[in-house]
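Whole structure, please, built from the sequences with the hints as guidance.
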Amino acid sequence: SEPPFKATGIHPKKIVITFNEFLDLKNVQQELLVSPPLHKQPEIKLKGKKIEIIIEDTLRENTTYTLNFGNAITDFTENNPVPGFIYVFSTGSYVDSFTVKGSVISSYDLKVPKEQVTVMLYEQLSDSAPYRLKPLYVGRTDKNGNFRIPFLKEGTYNIVALADANNNLRYDPPDEMIGFEDSLLFLHPDSFRIQREAIDSARTVGSGSPVDSLKSIPDSSESLPAEKEYAAVVHFRLFKEFPSAQYLKDYKRPEACLLAVYLNIPSRDTVTLEPVDTIVNRPWYLPEMSQNLDTFLFWITDSSLIRKQNLSLLVRFPETDSTGNTIIRSDTLRFSYIPKTQSKPRKGEKQEQSSGFKLTGNASPGKIIELNESLILEAPHPILGIDTYLIDLQILKDTIFAPYPCKLKKQAGNFRKIQLDVPWVENSTFQLVCLPGAIQTIYHQINDTLKVRFKTRESEYYGRLIVTTQNATTPVVYELIENDKVVLRRNAGSAGNTVFELLLPKKYKLRAIADANANGIWDTGNYLKKIQPEKVVIYPSDVEVRSNWDLEIAVDMSEAR
Numbered sequence: 001s002e003p004p005f006k007a008t009g010i011h012p013k014k015i016v017i018t019f020n021e022f023l024d025l026k027n028v029q030q031e032l033l034v035s036p037p038l039h040k041q042p043e044i045k046l047k048g049k050k051i052e053i054i055i056e057d058t059l060r061e062n063t064t065y066t067l068n069f070g071n072a073i074t075d076f077t078e079n080n081p082v083p084g085f086i087y088v089f090s091t092g093s094y095v096d097s098f099t100v101k102g103s104v105i106s107s108y109d110l111k112v113p114k115e116q117v118t119v120m121l122y123e124q125l126s127d128s129a130p131y132r133l134k135p136l137y138v139g140r141t142d143k144n145g146n147f148r149i150p151f152l153k154e155g156t157y158n159i160v161a162l163a164d165a166n167n168n169l170r171y172d173p174p175d176e177m178i179g180f181e182d183s184l185l186f187l188h189p190d191s192f193r194i195q196r197e198a199i200d201s202a203r204t205v206g207s208g209s210p211v212d213s214l215k216s217i218p219d220s221s222e223s224l225p226a227e228k229e230y231a232a233v234v235h236f237r238l239f240k241e242f243p244s245a246q247y248l249k250d251y252k253r254p255e256a257c258l259l260a261v262y263l264n265i266p267s268r269d270t271v272t273l274e275p276v277d278t279i280v281n282r283p284w285y286l287p288e289m290s291q292n293l294d295t296f297l298f299w300i301t302d303s304s305l306i307r308k309q310n311l312s313l314l315v316r317f318p319e320t321d322s323t324g325n326t327i328i329r330s331d332t333l334r335f336s337y338i339p340k341t342q343s344k345p346r347k348g349e350k351q352e353q354s355s356g357f358k359l360t361g362n363a364s365p366g367k368i369i370e371l372n373e374s375l376i377l378e379a380p381h382p383i384l385g386i387d388t389y390l391i392d393l394q395i396l397k398d399t400i401f402a403p404y405p406c407k408l409k410k411q412a413g414n415f416r417k418i419q420l421d422v423p424w425v426e427n428s429t430f431q432l433v434c435l436p437g438a439i440q441t442i443y444h445q446i447n448d449t450l451k452v453r454f455k456t457r458e459s460e461y462y463g464r465l466i467v468t469t470q471n472a473t474t475p476v477v478y479e480l481i482e483n484d485k486v487v488l489r490r491n492a493g494s495a496g497n498t499v500f501e502l503l504l505p506k507k508y509k510l511r512a513i514a515d516a517n518a519n520g521i522w523d524t525g526n527y528l529k530k531i532q533p534e535k536v537v538i539y540p541s542d543v544e545v546r547s548n549w550d551l552e553i554a555v556d557m558s559e560a561r
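Counting in the working numbering, the sequence shown tops out at residue 561, every number present.
Read the hints as simulated data drawn from the structure, not as lab findings. There could be a bad hint or two in this list.
[Unchecked claim] Subject to a maximum C-alpha distance of 20 Å in a straight line, what follows is the list of computed EDC-like cross-link-like pairs (lysine to aspartate or glutamate):
#, residue 1, residue 2
1, K13, E52
2, K410, D387
3, K249, E288
4, K40, E21
5, K40, E52
6, K240, E176
7, K358, D392
8, K45, E61
9, K45, E56
10, K340, D392
11, K252, E274
12, K506, E544
13, K111, E288
14, K485, D109
15, K153, E61
16, K50, E31
17, K49, D24
18, K111, D542
19, K506, D542
20, K485, E544
21, K50, D75
Dropping the structure here:
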């Protein structure tokens with residue numbers, strides 16, 4: 001290379017690296033990582049066996065620069081990349097010799113992030129540095145989530161890992177994931193956090209003869225003599241912060257009788273509506289709130305308002321002001337609804353008219369209802385009344401359906417659903433019959449006839465999982481996972497057994513959460529408040545539940561990370 005690898009006291013405008021064979025460059029502007037970062041990315045030219053690097057920026061004094069090509073360099077014939085190819089030079093009298101290395105995982109599932117993560121070091125030790133400044137040093141993770149940033153100068157640093165979605169080398173919450181160290185990073189020879197290691201010099205450009213690095217990388221003993229460096233090890237757990245600023249996300253009128261207001265995050269404060277150009281009798285709506293407290297539905301009960309295509313309403317909703325405090329903001333919003341035009345029947349056809357509405361739910365013809373499952377019925381609008389005499393659950397005995405007891409109740413928090421709790425008989429056929437008028441909505445609509453047959457399984461089809469908690473210092477939350485989705489959650493104490501009954505015979509994953517604040521869910525972290533996400537354990541193997549079988553496993557919470 002010219003200038004030679006590890007050249008000192010230079011401010012090169014042009015660098016030429018010569019290889020022993022022809023090569024190609026792939027996505028070099030995206031792959032090339034210059035540390036410390038430059039204001040303008042160097043221009044890279046490929047000329048046969050040579051790579052020319054044109055630097056137009058003014059370089060810092062007494063600074064070691066590294067140019068990491070990532071996976072950009074490939075051989076011409078087989079297109080195989082040479083990962084982590086680095087060129088190094090210094091504008092000072094020596095090349096810095098400190099290294100930081102480590103790994104990055106996602107904090108909730110402990111998986112390696114799918115996209116590369118940028119690791120950034122700052123001389124400015126304020127917590128606000130990642131928001132407003134470009135880092136002094138940068139590195140990226142490989143496909144295994146590992147990173148290594150060599151040739152750093154002695155000093156004290158603030159270090160973070162960032163899933164930099166917009167590639168601006170700044171932290172932009174809440175959409176970007178971040179990981180941080182609980183303390184500053186000390187790169188000093190006498191620091192207890194530093195260990196000695198040998199440089200893997202095979203991945204760096206040597207001086208003198210052309211580089212033959214497109215072949216398989218040899219051991220460091222076969223290339224340049226191994227040097228000694230100081231290496232700090234840091235492991236990051238990435239998390240996405242919960243948004244702290246509250247605002248109105250959207251508002252709609254999906255039906256003539258329904259208004260919807262959406263907040264970006266859950267709120268304990270309510271949302272209220274008031275007509276600005278119409279005098280109405282109060283209350284003129286029935287409010288319904290989503291379980292996670294971010295969606296507010298308003299079912300209009302005043303028929304004169306339902307008939308209006310446009311409604312101007314004064315909406316009061318919680319919002320975070322410029323000082324970070326939650327206030328109640330008022331805004332006049334226009335809710336519009338345009339009725340859908342119905343197509344006219346063809347000649348000879350009759351217009352279908354329904355006097356009632358269709359009930360939906362979790363029971364359908366031929367479906368299996370699990371022994372630990374309740375029946376759910378849902379109307380399209382809030383339910384006003386229920387006539388239990390017109391709702392009949394039956395069990396098939398021999399060839400005749402006979403009445404079967406159930407406990408019927410409105411589902412908490414949802415005015416449109418009713419729940420039937422049933423002491424199921426295993427391996428049986430049931431039938432649910434709802435006659436017209438069984439359910440009436442607040443708009444005085446009644447249901448159409450519903451008649452549906454379904455079955456239950458035999459109890460021996462299910463399996464049971466018994467989890468023993470070990471070495472826990474906090475309450476534990478267990479999550480049973482299928483295809484990356486949580487299908488069952490159990491809150492446990494810090495010791496003893498947690499039992500999952502009536503499980504379908506499948507392979508599951510098991511996550512154990514060290515529930516530090518005992519709120520029953522996993523909590524993410526907060527960078528400025530220096531709160532790490534709650535630690536988890538992922539059970540190392542599949543949890544294979546078998547029919548008519550008890551599976552006993554133990555989870556050691558001292559392994560939580």
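Exercise for review: For the pair we were handed, K40 and E21, check the Cα-Cα distance against 20 Å.
Suggested key: Cα-Cα ~29 Å, so violated.
Review point. Is it true that the CA of K485 sits at most 20 Å from the CA of D109?
Key: Judged against 20 Å, a Cα distance of about 11 Å means the pair holds.
**Study point:** Straight-line alpha-carbon gap K45 to E61, limit 20 Å
**Key:** Roughly 26 Å separates the two Cα atoms, so the pair is violated.
Check your understanding: Taking 20 Å as the top limit, are the C-alpha atoms of K111 and E288 close enough?
Key -> Since the Cα atoms of K111 and E288 sit roughly 38 Å apart, the hinted pair is violated (cutoff 20 Å).
Review point. Are K240 and E176 close enough, with their CA atoms no more than 20 Å apart?
Key: Holds, at roughly 6 Å.
Review point. Regarding the pair K252 and E274, is the alpha-carbon distance no greater than 20 Å?
Key: Cα-Cα ~15 Å, so holds.
Check your understanding: Between K410 and D387, is the straight-line Cα distance small enough, at 20 Å or below?
Key -> 13 Å, holds
Check your understanding: Are the Cα positions of K111 and D542 separated by 20 Å at most?
Key -> 15 Å, holds
Check your understanding: Are K50 and E31 close enough, with their CA atoms no more than 20 Å apart?
Key -> 18 Å, holds
Exercise for review: Quickly compare the C-alpha distance for K485 and E544 to 20 Å and report which way the hint goes.
Suggested key: Judged against 20 Å, a Cα distance of about 16 Å means the pair holds.
Review point. Taken at face value, is the distance from the CA of E544 to the CA of K506 at most 20 Å?
Key: 6 Å, holds
**Study point:** Pair hint outcome, K153 versus E61 [Cα-Cα no greater than 20 Å]
**Key:** 13 Å, holds
Going through the hint list in order, the structure does not satisfy hints 4, 8, 10 and 13.
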